[in-house]
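There are 2 protein chains.
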Amino acid sequence: MFRFPLYRTVLRRNGDGLDLMTRSLVISIDAMGGDYGPSTTIPGLALAIETSKDHLNFLVHGDEKVLIPELARHPGLAARCEVRHTDKVIASDEKPANAVRRGRGASMWNAVESVKSGEAIAAVSCGNTGALMAISRLILRMSVDVERPPLVVSWPGRKGVSTVLDAGANIDCNAERLVEFAIMGEAFHRAAHGLARPKVGILNVGSEDVKGHEEVRLAHAILKGGKFDIDYHGFVEGDDLSKNTVDVVVTDGFTGNVALKTAEGTASYIVAELRSALTSTLGAKLGAWLARPALRLFVNKMSPPPATPFLGLNGLVVKCHGGAVAPGFGQSIGLAVDLAKSDFASEVARNMTNLSAAMNAGALEAAMESSGDA
Amino acid sequence: MFRFPLYRTVLRRNGDGLDLMTRSLVISIDAMGGDYGPSTTIPGLALAIETSKDHLNFLVHGDEKVLIPELARHPGLAARCEVRHTDKVIASDEKPANAVRRGRGASMWNAVESVKSGEAIAAVSCGNTGALMAISRLILRMSVDVERPPLVVSWPGRKGVSTVLDAGANIDCNAERLVEFAIMGEAFHRAAHGLARPKVGILNVGSEDVKGHEEVRLAHAILKGGKFDIDYHGFVEGDDLSKNTVDVVVTDGFTGNVALKTAEGTASYIVAELRSALTSTLGAKLGAWLARPALRLFVNKMSPPPATPFLGLNGLVVKCHGGAVAPGFGQSIGLAVDLAKSDFASEVARNMTNLSAAMNAGALEAAMESSGDA
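One line per chain: the protein sequences are A and B, in this order.
The number in my numbering is simply the position in the first sequence, starting from 1, with 101 added.
The number in my numbering is simply the position in the second sequence, starting from 1, with 101 added.
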């Protein structure tokens, strides 16, 4: 298992010369990604250093002809940045396979390389998701059994936010993979939300032990029986997502993707219907105008956070939404810092060892039998 | 394959005596089911005869001590009803297994028996769903390969309503079962919504042939290659449900149940948030009051229809929501009539024959190979 190089000694540049050596958190930035590139990522970094309690430094990968003038507008930030020039960029519509084949030396590639080399504790990019995932897998390699990092979604609901995984990366998941999602999701939720003991559930069609297909019943048996350091709640259903019944919801990539897109579709349909209802009559229009501040708060509450981590790699990569503007990119930096400072890696490692032990000790067969009896 | 006994000759009772013999549609009613029993079902029947263009008659199963006084309030209806007395009722919390073991002679049981015996063309109940499904399967038997009737959901969306199945009855579905859902769902949607050529899609995580797990890829290949009389659109995603991209969405009971409950949870969360936003300030409250008529229309549009059919049985059974009041029960009768008058059974039978032929002719293997190539 890997360990994050938590604090690193870096050179701080200050105007024209070199500053003192200082202990600091170093984040590697793909400054060229996303819909707006450096005009968003650089102001995002400036916001991040304003709001962070930590002393942050950045390795900023991208075209110095664009980056240096942009950094010049943020002198406080420039002192914390080391620009690593490249004029190669991975396009937003590049196929992941091509990105892997031809991406070496691009800003995204170099940002991830800085994590591999130990110069940075995390990489953040708002570039092409598929390319970022493919490059991260190639450079950092998976640290767990699942094929690719699960898509982690922050699901807004009545009591706050639940972490849902996998929302689409791994279509076929056996029980062991579901348990891995539980382990990683739990450690992630604690790191990102500061909750000491996140409650974990498996998404199913009912709450009784006998419900659902073999994979979920078996994962349920392993989590109930295994000696994991996890507060396992049991099965949850689709409507438990927005109720935040548990903090972490585990599911295979097929079901998770359908659930996520169904929820998004439902929400956007309801908002469209509501908009049309609220413009249908003069009274409704006036009503909507009066209720506007409240409705705006409502829309903000529904909006998903801009950043998601790629879990299960030998190193930390955070993906920021391609359409994010500066505050969203700043939040992504915050997430990377929270994860870097947490015990994420060691917690996952410990529970993974427990999972292997459980599987070796024949718990799988026992769980299978007891699940077959049910 | 079964055929519905479409029009039947029945005795019409008129007050104290027997009326002329007349050709009429006969529906068998479990009058005791649901949250409100005969105080809802009987007024529901009265509404059904008012709105139907057909001449309807009813076999009304239940306790005559309650039913006859209730019918006395609706003289026009009473003339169309034949009460079949039983004082046995299946409780709303009865386990399906117990309902099958001990339900013989109950109003629900007798209502389904009337379809089996050919006295009625359809049975309608707002009683215990699990019990109604178990009793229907026992008495009528499945006419298709799937284990139990798929749960059919009418999904409201931007362009109207899509039919989604299976929303939870069959958890493990191979490709052949998914194709059966496509066949039944298509015939149902035409019967219920009068659309000549409903478009059919399979729920998946993307639209390309290579997306998803083996079962959906194979069902996709069969529907594309098979000689079915179906307008097959291809794969759809979760957000296509509320967009009504296709008229019929096919999925396994696990995914369908999660999607349905996720959508319900999302909708109820958004409505709760909206309610709290619209009561958060005086301006918002006033706005909400002004927009009230528009908001009420909006809520009505979101409400699911009260009736759903049990498809794949050798006979027609319609389940009405337990909490339905008279208009909802009346709508359920309308759905039963639409289905009874349609060519549902023969259309399903014809496509099922095509499915068997396709499977025998090695199309399955061919489809598997081509899906493996992809």
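Rather than coming from a laboratory, the hints here were simulated on the basis of the structure.
One thing to keep in mind: the hints can contain errors.
Since the list can't tell identical chains apart, any single copy or any two copies may satisfy a pair.
Straight line, CA to CA, 16 Å or less: simulated EDC-like cross-link-like pairs of lysine to aspartate or glutamate [stated by the list, open to error]:
#: 1; residue 1: 386; residue 2: 309
#: 2; residue 1: 325; residue 2: 309
#: 3; residue 1: 328; residue 2: 448
#: 4; residue 1: 344; residue 2: 374
#: 5; residue 1: 328; residue 2: 277
#: 6; residue 1: 189; residue 2: 151
#: 7; residue 1: 312; residue 2: 183
It should be emphasised that the depicted structure is a prediction, and the values quoted were computed from it without experimental measurement.
Structure-based check of each hint:
1. 386 - 309: neither (47 Å within a copy, 42 Å between copies)
2. 325 - 309: Within one copy only: 13 Å inside a chain, 38 Å across chains, cut-off 16 Å.
3. 328 - 448: This pair counts as within: shortest intra-copy Cα distance 14 Å, inter-copy 55 Å.
4. 344 - 374: between (23 Å within a copy, 12 Å between copies)
5. 328 - 277: The answer is within: 14 Å in one copy meets 16 Å, while 40 Å across copies does not.
6. 189 - 151: Intra 30 Å, inter 73 Å, cutoff 16 Å: neither.
7. 312 - 183: Neither way: residue 312 and residue 183 sit 54 Å apart in one copy and 42 Å across, limit 16 Å.
Checked against the numbered hints above, the structure breaks hints 1, 6 and 7 and satisfies the rest.
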